[in-house]
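Peer 1: Work out the full structure: start from the sequences and follow the hints.
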Amino acid sequence: MAGAIITVAQQKGGAGKTTLAAHLAVALTEGGRRVAIVDIDPQASLSRWYQTRLAARGDGGLSHVQITGWRTQREVERLAREHDFVVIDSPPHAETEARIAVRSATLVVVPVQPSPMDLWATEPTLALAREEKVPVLIVVNRVPPRARLADELERRIRDLGAPVARTQVGNRIQFASALFEGLGVTEQARRTRAAEEIRDLSAEIRESVGRSARSGALS
18 MAGAIITVAQ QKGGAGKTTL AAHLAVALTE GGRRVAIVDI DPQASLSRWY QTRLAARGDG
78 GLSHVQITGW RTQREVERLA REHDFVVIDS PPHAETEARI AVRSATLVVV PVQPSPMDLW
138 ATEPTLALAR EEKVPVLIVV NRVPPRARLA DELERRIRDL GAPVARTQVG NRIQFASALF
198 EGLGVTEQAR RTRAAEEIRD LSAEIRESVG RSARSGALS
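For what it's worth, the numbering used here labels the leading residue of the sequence shown as 18, then goes sequentially.
Note that these hints are calculated values from the structure, not bench results. It is possible that some hints are incorrect.
Claimed, not checked - In silico lysine to aspartate or glutamate, DMTMM-like type, Cα no more than 25 angstroms apart, as pairs:
#1 29 x 169
#2 150 x 140
#3 150 x 114
#4 150 x 176
#5 150 x 112
#6 29 x 112
#7 150 x 92
#8 29 x 221
#9 29 x 168
#10 150 x 224
#11 150 x 171
#12 29 x 176
#13 150 x 101
#14 29 x 148
#15 29 x 171
#16 150 x 221
#17 29 x 149
#18 29 x 114
#19 150 x 94
#20 29 x 140
These numbers were taken from a predicted model, which means no experiment stands behind them.
Peer 2: What follows is the structure, given as structure tokens:
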């Protein structure tokens, strides 16, 4: 049985897409799961983090591919046959590449910062996922402490008919600190609120993937 393909997508840059992809990928390795990360963003930030990880500690349970173009879907499908999860960091403002990443996905994870600009920028990603008939999970990301706007944003997203993760991810220094070391926050700062958020979100993603698999089996 092929592994689940998790595409992290958001048209607007600066939404924390790559940061979320890296931390989720590490969290998904817990329990001995095989995880691959695929970087199709021309900025290659996820690949830079992975190279830092290799220098610091080896792959740490992760495989990595950096690729763009027509070979992407075939490579992702190959990785899914060999891994339990494949996490794709997709590029912003690149319709063709984003479409390939969404089309290949079992689940599209869309990080949204608590701002109107991020909310508006989310609409094309949701439309693309609907067009490709791929389930979506919105993640409210980089939430400031006690931010009322995050609740308002969640209500507006629900009005769009998109599922919203129960777990909100805070704007916490531990996320950046871990990445500088080539680590995930669940490795470097295991007992922090930041690590708890990523573990909770990872569990939600596994639940969503499981529901999609059961629905597929019943259809």
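Peer 1: Please go over all the hints and tell whether each is borne out by the structure.
Peer 2: The hints, checked one at a time:
1. 29 x 169: holds, 19 angstroms
2. 150 x 140: Judged against 25 angstroms, a Cα distance of about 15 angstroms means the pair holds.
3. 150 x 114: holds, 17 angstroms
4. 150 x 176: holds, 19 angstroms
5. 150 x 112: holds, 16 angstroms
6. 29 x 112: holds, 12 angstroms
7. 150 x 92: Between residue 150 and residue 92 the Cα gap is close to 21 angstroms, so the pair holds against 25 angstroms.
8. 29 x 221: Since the Cα atoms of residue 29 and residue 221 sit roughly 24 angstroms apart, the hinted pair holds (cutoff 25 angstroms).
9. 29 x 168: holds, 20 angstroms
10. 150 x 224: Roughly 18 angstroms between the alpha carbons, so the hint for residue 150 and residue 224 holds.
11. 150 x 171: holds, 22 angstroms
12. 29 x 176: Holds: residue 29 and residue 176 sit about 20 angstroms apart, inside 25 angstroms.
13. 150 x 101: holds, 22 angstroms
14. 29 x 148: Judged against 25 angstroms, a Cα distance of about 19 angstroms means the pair holds.
15. 29 x 171: With Cα atoms ~17 angstroms apart, residue 29 and residue 171 stay inside 25 angstroms; holds.
16. 150 x 221: holds, 20 angstroms
17. 29 x 149: holds, 20 angstroms
18. 29 x 114: With Cα atoms ~15 angstroms apart, residue 29 and residue 114 stay inside 25 angstroms; holds.
19. 150 x 94: Given that 25 angstroms is the threshold and the Cα spacing comes to 17 angstroms, the pair holds.
20. 29 x 140: holds, 10 angstroms
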